[in-house]
Amino acid sequence: MSLDLIEALSRMILIRAYEEKLVELQTSGKAPGTCTSVGQEASAVGVVSALAADDLILTNHRSAGHLIARGADLGRLFAEVMGKRDGYCGGKSGSLHISARDIGVVLTSTIVGGELGLATGVALSRSMKGGDGIVACFFGDGAACEGRFHESVNLAAVWDLPILYVCENNAWQAFVHRRETMLTEHIADRAAAYGIEGETVDGNDVEAVFAAASRAAAKVRATRKPFLLEVATYRLRGHYEPDDQAYVDPEELARWRARDPIALAEAKLKETGRLNENGLRALERGVRDRIAQAIAFAEASPYPALTELTTQVYA
Amino acid sequence: MSLDLIEALSRMILIRAYEEKLVELQTSGKAPGTCTSVGQEASAVGVVSALAADDLILTNHRSAGHLIARGADLGRLFAEVMGKRDGYCGGKSGSLHISARDIGVVLTSTIVGGELGLATGVALSRSMKGGDGIVACFFGDGAACEGRFHESVNLAAVWDLPILYVCENNAWQAFVHRRETMLTEHIADRAAAYGIEGETVDGNDVEAVFAAASRAAAKVRATRKPFLLEVATYRLRGHYEPDDQAYVDPEELARWRARDPIALAEAKLKETGRLNENGLRALERGVRDRIAQAIAFAEASPYPALTELTTQVYA
Amino acid sequence: MPQMTANDAVSRALAEEMRRDPSVMIFGEGVATKRQDLRAEFGTARVRNTPLAEGIIAGTAAGAAAMGLRPVIDLLFAPFLCYAMDEIVNSAGKLRYMSGGQFSFPMVVLSMTGAGWGVGAQHNHNNEAWFVHSPGLKVVMPSNPADFLGLLKAAIRDDNPVLFFCDMPLMFAPGEVSDREHVVPLGEASLLREGGDLTLVTYGKTVHNAVAAAAKLTADGIQTDVIDLRTLKPLDEAAILRSVRKTGRLVVVHEASRTCGVGAEIAALAAEKAFGFLRAPVLRLTGPDAPAPASFPLEQAFVPQAEAIAVAAARLVRGHTLKADTPRFATA
Amino acid sequence: MPQMTANDAVSRALAEEMRRDPSVMIFGEGVATKRQDLRAEFGTARVRNTPLAEGIIAGTAAGAAAMGLRPVIDLLFAPFLCYAMDEIVNSAGKLRYMSGGQFSFPMVVLSMTGAGWGVGAQHNHNNEAWFVHSPGLKVVMPSNPADFLGLLKAAIRDDNPVLFFCDMPLMFAPGEVSDREHVVPLGEASLLREGGDLTLVTYGKTVHNAVAAAAKLTADGIQTDVIDLRTLKPLDEAAILRSVRKTGRLVVVHEASRTCGVGAEIAALAAEKAFGFLRAPVLRLTGPDAPAPASFPLEQAFVPQAEAIAVAAARLVRGHTLKADTPRFATA
Ligand SMILES: Cc1ncc(C[n+]2csc(CCOP(=O)(O)OP(=O)(O)O)c2C)c(N)n1
Ligand SMILES: Cc1ncc(C[n+]2csc(CCOP(=O)(O)OP(=O)(O)O)c2C)c(N)n1
Ligand SMILES: [Mg+2]
Ligand SMILES: [Mg+2]
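Order-wise, the sequence lines are chains W, V, Z and F. Heads up, the first sequence is in the numbering used here, so the first residue is 245 and it goes up one at a time. Heads up, the second sequence is in the numbering used here, so the first residue is 245 and it goes up one at a time. Heads up, the third sequence is in the numbering used here, so the first residue is 494 and it goes up one at a time. Heads up, the fourth sequence is in the numbering used here, so the first residue is 494 and it goes up one at a time.
Incorrect hints may appear among the rest.
Said to hold, decoys possible - Derived BS3-like pairs: lysine-lysine, alpha-carbon spacing no greater than 25 Å straight-line:
1) F:Lys766 to Z:Lys739
2) V:Lys469 to V:Lys373
3) F:Lys739 to F:Lys709
4) F:Lys527 to Z:Lys766
5) V:Lys463 to V:Lys373
6) F:Lys766 to Z:Lys766
7) Z:Lys739 to Z:Lys709
These are computed hints drawn from the structure, not numbers from a lab. These numbers come from a predicted model, not from an experiment.
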């Protein structure tokens, strides 16, 4: 597999536009506070592009990038965040735990560590049924502090479960810097403690992420053993909206703003002459239109009937 | 500090005798099933001998060695196991969670991992109050699979908590061999994942255990940072009484029986002429007398009054 | 009919369901070691030991169930469920609803509890009411080998997460179990004894105490309905109300602590939906609001015993209710 | 009197108690970041951020409490308590008893829950009844800023583990709070309104719905006692029974699911100890047996609203009870 950088860039721009629209909705009171992944788009696009159609994805509260990179319908995403009937979960989830089984994004949990606890089961069903699909589990550096991280990776190692663990190390755990929560810099270094392989990659270079994820996914596919991939990136916005980021070191933030994954991809494409201003503008226009259509769809969607309050509790 | 091997041997023999008596009580229906530490006496005596009077100990379900090495009253131990009023916990604990605050053995939990969750708090109170006492937390190789191990060691590392983590790696986790639960041989190797120091020591050589524990305790005392000491030993009896050990590889068992810590210490003392048969017999006689007195005390102790059913629930 | 212990009934249910449905599997700490027979018949992939970590055992079951397997997990003792609450409650119990019905969680969680072995409060805690209170879960607690067999088979076939509680001292007691296929539907209580004066509702080990109490009461001329709930969620409200509307008197008995226990739910149910039929206060005889003690006599006193049930019931029927200051647990 | 939000009341209680007693400290995920004022006044040792791991946060609090500190921990949202159940229930709740009284656990666990923010069932789950059911714990859930202040101060001074639940939408609503020292003893309900026809018992956010319903009912000539429980464990049985014996009619209202909830306990209490005084069935208006939905209109429908309370109460007083098939939650 190879990555088309222009395609990757447009995906990243789409994710950015979707999340900036969410912020707008939140500010105007049309949607509750949400967690955005602004600054982490290269991780989502790079990793998801490295997966095959029959691979499954588990994600967490910061899932928009993963969902959109996988091809989620923007209208159904907006509708879900707004609590509308046509949302992926009928409005019952809201933004924090959107699953979209039809595109292979399953069992999202907003309990930090929850997806780590479920991924082993999803992978177990895969290995019991055969086939060579693997499971990609996205989680944060904070989740790596939860005991469930330890239990999940250890079980996957002992049982040979085909899981690509993807730790999006964005330096923040809500309002706490990673520095305050662990003495080591990198989560991938913990792979050795479980007798598995791990690697850390620059998370703001979408081509580097794709390359590392492709290697890692191929290993998992071939060996059926778990791999711990750490994507080193940074959360450019607050933990959720609204968040003034008063607690963030401005210099650190500025350093990472300068490495915005979208700007980096654009620069690379322009240098190599593969994209010019007009091409970029056209691309951005296309994204704006898609967002507009999606919002129209979501706003037109009705709220669920009150009888939905007690449906889908039991099978 | 230095270890008097004869003193250490007699402690180990006392622990062994106490636990063999428990098995007898269990078989004759005078006490419920208990977990013994037969074969692990060198770990208890070696580590506890390396602690200072103001250090605190947390232990688990396999605690007799730790308690007796620390000087627990045998009569009150037997009484507790039998559910008698004069037991350390008034008969409410039974054998699985005996705390003896007066000798510094605090907050025992039989929830595997429970003691790891509490040790950080005990150490926190120590560091808030100053003084140079440290906390020794005994746990098993199975407990190292629980998420709480990960959370506890990581917090202790980040908060500089003076905890000597003592993992008694006895190859068994109830009816499951360590081999089935982790790909790595040694728990101490995980120290690096938390940015702290660790070491593995031969757990059946009481002098080696004492030396390693003394070094580790001195480090914790001086640096106020946690240390992960792994004591490699073997569970010679079943998980609890009765247990036919049908699931145990006889060769592995035989190999470790040949390295019985008590036999090793006796041999060393005889070689160096520090102890002869008569000395040994005398020592064993002394132990037998103490056990007999303790049993008499426990059997004479009454059951708690039924009104005790609802006392000590709330402060 | 042949005799069999509850333990054997559980093994038989597992073997029969694993034979019937290849998607059924079982794992937990020592499961493969302790169930050599299942391992021999169904292989190492379907019968597994796990590392010592309840949270990931339950999470793995939930994830596997959502993707088409039907896992049974053995979490050993009920207090250990505390390590798996997120996976059971927040994942298995809620993600069907939260995903708008995209997933279901056909899984069974086995655990043991109850006085009798002197193991103390970290191995013995009747916390079944937590799960009755939580959405999306079902809860079962049988009282005899035939129900252990029939209810476990039904639990394994159910498409929802089922908490299956085993009352320790019942596990080795033999009882009659048919050789034929035996499935007991979830949500159906059983009426063990009929009488017009009083309704005794209970489950688990105290079913036997209630039956013994009913026998004593007959001697005093008091005829008692004894209802074994068997399933705690969904609750068989119809069976309870039918009996209470007939007898007009209700005594609920269980070993779990009183406050917000299953007895509270049943008393509340009667006070709302059988109010017009009630002839006397609704009594609850339960374990005290205390952890379970290890000491044998205390542990016995923790459990509502037949004598205490008979005394309280007789007073109720005779029209003197218990003094408000009389403790309701067995030491009364 | 000066106005203050519940959030400010919590901050004030923490500051006052930390000033009063140097053994009081607070830690949790982001606590130091969000409470710069406390950090500035009391220093980095007593006000701490933690790694993201609820289990060890609660375990650390229990261990520290047993050894003489008085920790307050913020576990953020009630569903996250699932990761700390062992430390709260098996350690803090049981080890005093199991050790024969060698240790006590003066600690406070803060958590938020309740409909209003559209955050869904993994941030919003009223699971307070779990802790009411568990031995050795106390449980508090205030309804107004003054009680947030007074109850939190009492909780911090209490020598037992206290679960302190904060109903989200109440946190930013202002209310009158005295400038003077204000401590509200645990275990005392407050009678917000007096009337002879009916007793409404509730707690947390639905206190306001009950008060609004009572106002509507007065218009129809129905006079209502409204009891705000404030502390759920220990329960103020005397206050509840006094009122029910007076009015003869009881409606219990809460947002938590019905089965084995606090409402079940109160209904059972009345059916036993006020039976002779009851003139009508005991009703429970509660949240449904479902996870909390995120969608705004569904989330509102989850909560028993004033209108539904007034309608049910009026029917009860007028002598027609709700049809058995009428759902008891707000969509009814
Ligand atoms: C068990 C649990 N604890 C706390 C929270 C609140 N919370 C939501 S996201 C978050 C930070 C997670 O940090 P990380 O895992 O690094 O993911 P990130 O948000 O940085 O992507 C916290 C504390 C939660 N949802 N679940
Ligand atoms: C949370 C929990 N799970 C399971 C058990 C049952 N159990 C008691 S001891 C034990 C094995 C513990 O193994 P390890 O930690 O190695 O200690 P060891 O018994 O070998 O000393 C198990 C599974 C328990 N007490 N607590
Ligand atoms: Mg992060
Ligand atoms: Mg072991």
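- Item | Hint check against the structure, violated hint numbers in rising order | 4
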